[in-house]
Amino acid sequence: MALFSVRYRGSVPTLVLTGGTIVPSLITVVDGSGTILAEYRHAPPRSGHQPDQVGPPDRG
Numbered sequence: 000m001a002l003f004s005v006r007y008r009g010s011v012p013t014l015v016l017t018g019g020t021i022v023p024s025l026i027t028v029v030d031g032s033g034t035i036l037a038e039y040r041h042a043p044p045r046s047g048h049q050p051d052q053v054g055p056p057d058r059g
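If you're matching positions, the sequence shown starts at 0 in numbering that gives the first Met the number 0 and goes up one per residue.
FYI, nobody ran anything at the bench for these hints, they're computed from the structure. Each statement offered as a hint is correct.
With beta-carbon atoms standing in for the labels, derived distance ranges:
1) 8 with 32: 27 to 33 angstroms
2) 18 with 46: 24 to 30 angstroms
3) 35 with 9: 25 to 31 angstroms
4) 0 with 46: 29 to 35 angstroms
5) 0 with 28: 16 to 22 angstroms
6) 9 with 33: 27 to 33 angstroms
7) 3 with 43: 15 to 21 angstroms
8) 45 with 0: 24 to 30 angstroms
None of these values were measured; they are calculated from a predicted model. Each residue gets a CB set at the ideal place from its N, CA and C atoms; glycine is no exception.
The task is simple: from the sequences and hints, build the whole structure.
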């Protein structure tokens, strides 16, 4: 099973997938009590979109 982590590029959070190649079709965001705050659905990358290389978290 792959692991998601969040890294920031400036002030933009980016999900990083480690240890797998399959992205779930739905990602649910919950708070500490388990209340659902948001749901994100998988969509293919925009045409011609080339993401920057993801490196260590931006501490700036």
